[in-house]
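Visitor: Just so you know, the protein sequences line up as chains A and B, in that order.
So for the first sequence, my numbering puts the first residue at 0; every next one is plus one.
So for the second sequence, my numbering puts the first residue at 418; every next one is plus one.
Please keep in mind that the hints were generated in silico from the structure rather than gathered at the bench.
Just so it is clear, CB atoms sit at the ideal spot from N, CA and C, and this is done for glycine as well.
Any given hint could turn out to be false.
No more than 30 Å apart at the CA atoms, straight line, and that leaves these computed lysine-lysine pairs for DSBU-like [to be verified]:
1. A/Lys-103 to B/Lys-423
2. B/Lys-433 to A/Lys-192
3. B/Lys-456 to A/Lys-101
4. A/Lys-338 to A/Lys-398
5. A/Lys-103 to B/Lys-456
6. A/Lys-178 to A/Lys-246
7. A/Lys-103 to A/Lys-283
8. A/Lys-103 to A/Lys-604
9. A/Lys-64 to B/Lys-423
Below, a sample of chain A positions facing chain B; criterion: calculated Cβ distance under 7 Å [unchecked claim]:
10. Phe-8
11. Leu-68
12. Thr-146
13. Gly-148
14. Glu-165
15. Gly-166
16. Gln-168
17. Phe-344
18. Lys-541
19. Ile-543
20. Leu-544
21. Trp-559
Pair ranges (Cβ atoms, derived) [claimed, not checked]:
22. A/Arg-568 to B/Gln-436: 44 to 52 Å
23. A/Ile-287 to B/Ser-445: 36 to 44 Å
24. B/Val-424 to A/Lys-604: 41 to 49 Å
Letter by letter, the chains look like this.
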Amino acid sequence: MDPQLLREFMRDGKMPNFAKLAADGSFQELTTSIPPQSPVAWSNLITGMDAGGHGIFDFIHRDPKTLQLYFSTSRVEGPKHSLHLGKWVIPLGGGSAEQLRKGKAFWEILDEHGVPNTIVRIPANFPPIPAKGNTLSGMGTPDLRGTYGTFTFYTDDPTAAPGPVEGGQIVPVQVENSKVNASLIGPDNTFQKEAPPTLEAFTVAVDPLEAVAKFAVQEQEFVLREGEWSNWIRVEFQLIPFFGNVKGMCRFYLKQAHPRFQLYVSPINIDPVEPALPLSTPAKYSRILAEEVGEYHTQGIAEDTKALSGGVLDDREYLEQARTVLAEHRRIFDAEFPKFHRGVFFFYFSSLDLNSHMMWRLMDSKHPGYDASLAAQNGGAIADFYQQIDQVLGEVLPKIDAHTTLLVLSDHGFAPYYRSFNLNTWLLNKGYIKLKNQSGPDSNDPLANVDWGSTRAYGLGLNGLYINLRGRERYGIVTPGAETDALIQEIKSKLLNEKDPQTGLPVITRVDVAREVYRGPYSQSGPDLLVGYNRGYRAGWKTILGAFPPNVLEDNLNPWSGDHCMDFRLVPGVLLSDRKIEAASPALTDIAPTILSEFGITPPKDMMGQPVFRASTTER
Amino acid sequence: MFGSHKVKIEGELLEKAKQCAEVCGYESVDEFVIHMLEKEINKVLPPNEGSTPSREVVKKRLQGLGYIE
């Protein structure tokens, strides 16, 4: 939730419940994390520490010794050891999912003090840490294939290039005698050598006259009209015949029956009834919820933004899927909130975040992706989602009694994403990166062509800039101490002077030096510099994983058109409460100490924040 | 093809390895030691030399986040 949009919608009368809460209680901007990325921000909230304390600096981290990239908050590991028998690889011991966030979560401390709590879909908590209360993992939870969402699109359109696309896969099919035979693509079968993907066949009988088709998936049959979504369909993928299998579920969308067959299948979500990876505490909680409210997305980022970006779903179709996600969340909320009588109840709604990313271009005529005709159809989508969240608050407010404290907050605000800044191209042009082969970087593995013996700095992640530091990096050449300090100041100064020739605006308005802004044992484990982009700018799509697009600056024409991975001062979150917030400038790191203090628990010393209901004693 | 090699572990290190193997649920101290070596090798060697997934595989996993292409 963005404070500027919230003020606008309250002023327009679109959010009466938020307006009432702001008037009767408090509404302030909430200082977000450095950098303002969700895994970092939510880890700040969860632990009351900054990235130096919890060790989460970006969505993407790298191992300095291998430059291997990984999702920052969790690691899913295969079995510990295996036995090879013919084409089969028999694991000795099971695989595991590892939570990488350091520090204690506020609900762990509540548990220690006997305060009951329910924590639903909080980001950066996959796999869920051991807890006494009910917790369900949220953002960061993978799909059954171990990715953060891979859809499949089946079509007989010869112009659709088969193979992998961003966040999905295009599968060519043939309609023969009005029938399509295809397979759902499941997790890689690590029980077999080369780990091929598991496949489960399904058939579609397409009515030759009507725009309708009948599907048969394992034991299930269902009929879809063109433009219709299925319910969740459970699928079992067999890994070892008669022995090992995993269960998932997906939704089918018949985009077109004729003249071209077009079928979208959602990422295969982990089945909450029999989860292949841990989703909740206690383990049975995900199943109990599914039995109570029906199946729900377990994948952390449930809105299929990549299907919209790739043109597989259009705005209307994407929004239909996104509204289903919110409806599921409301069903879970409606089932769980009435059970809350004492302790702490936390619930996370993802809709404002993901849909602001995708729909910003339809409400901002300055955006390069703005289209007046599309805006006329769905320009009000973001406002609609805000209003739905207002309705949720409307259900909550009457139930808040004098003994209950209500906090409504977001981890960051939002801004347009007009232009991309390709940090690695900039570093290459300025001579900080050298390539081995001057003909250009390898597009498949751009870092493989970097001459590390002559490279002094590189960018990875959405805001991270790393010095190629001797002793830390595998091929580090920059000596720690005076040489590093001078290089940091030189790069920082040049970045802050970088202007967009198209607008004359500074591209970067703030650069933070990690060791100056972070506190805690992991302060120097992440990037050395945090690049804070101006409103309207963000790290380019390909520079995030180390690539070198030709231009330093370029328009962002992707439907992903709003963002927040910028200068943290430009994208604060919101904090509303039914009580008076005394802190002059509350921050995410204050939330955990605030919750603990409500129960008379003294926050641990490593929590850097302070309760927001007391006047601040230190300046930020 | 690669043969085998014996490493002698004794004294306090062996005792600690046994304790770790038991605490972490390994079948034997051998399994524990092999797994630790595999993990450390994957950290030190570049992707092509170790058994870590390729950058392309990692990229595909991460693309669903929405933030990258």
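Visitor: Interface hint check: A/Lys-541, Cβ to nearest Cβ on chain B, cutoff 7 Å. Holds or violated?
Guide: This interface hint holds because 6 Å falls under the 7 Å limit.
Visitor: Straight-line Cα separation of A/Lys-103 and B/Lys-456 no greater than 30 Å?
Guide: holds, 26 Å
Visitor: Confirm or reject the claim that B/Val-424 and A/Lys-604 have a C-beta distance inside 41 to 49 Å.
Guide: holds, 43 Å
Visitor: Is A/Lys-64 close enough to B/Lys-423, meaning Cα to Cα at most 30 Å?
Guide: Between A/Lys-64 and B/Lys-423 the Cα gap is close to 27 Å, so the pair holds against 30 Å.
Visitor: Can you confirm whether the C-alpha distance between A/Lys-103 and B/Lys-423 stays at or below 30 Å?
Guide: The given pair, whose Cα atoms are some 41 Å apart, is violated under the 30 Å limit.
Visitor: Should the hint that A/Gln-168 touches chain B count as held when the rule is a Cβ pair under 7 Å?
Guide: Given a least distance of 9 Å, the restraint on A/Gln-168 is violated.
Visitor: With a cut-off of 7 Å, does the beta carbon of A/Phe-8 approach a beta carbon of chain B closely enough for the hint to hold?
Guide: Violated. Min distance 24 Å.
Visitor: Hint A/Leu-68 vs chain B: min CB-CB distance below 7 Å?
Guide: Holds. Min distance 5 Å.
Visitor: Are A/Arg-568 and B/Gln-436 spaced within 44 to 52 Å by their CB atoms?
Guide: holds, 49 Å
Visitor: Is the straight-line distance between the alpha-carbon of A/Lys-103 and that of A/Lys-604 30 Å or less?
Guide: Answer holds: A/Lys-103 to A/Lys-604 is near 12 Å, not above 30 Å.
Visitor: Take a quick look at whether A/Lys-103 and A/Lys-283 sit within 30 Å of each other, Cα to Cα.
Guide: It holds: about 23 Å lies between the C-alpha atoms, which stays within 30 Å.
Visitor: For the pair supplied as a hint, A/Lys-178 and A/Lys-246, is the alpha-carbon distance within the 30 Å limit?
Guide: holds, 26 Å
The structure fails to meet hints 1, 2, 10, 16 and 17 from the earlier list, while all remaining hints are met.
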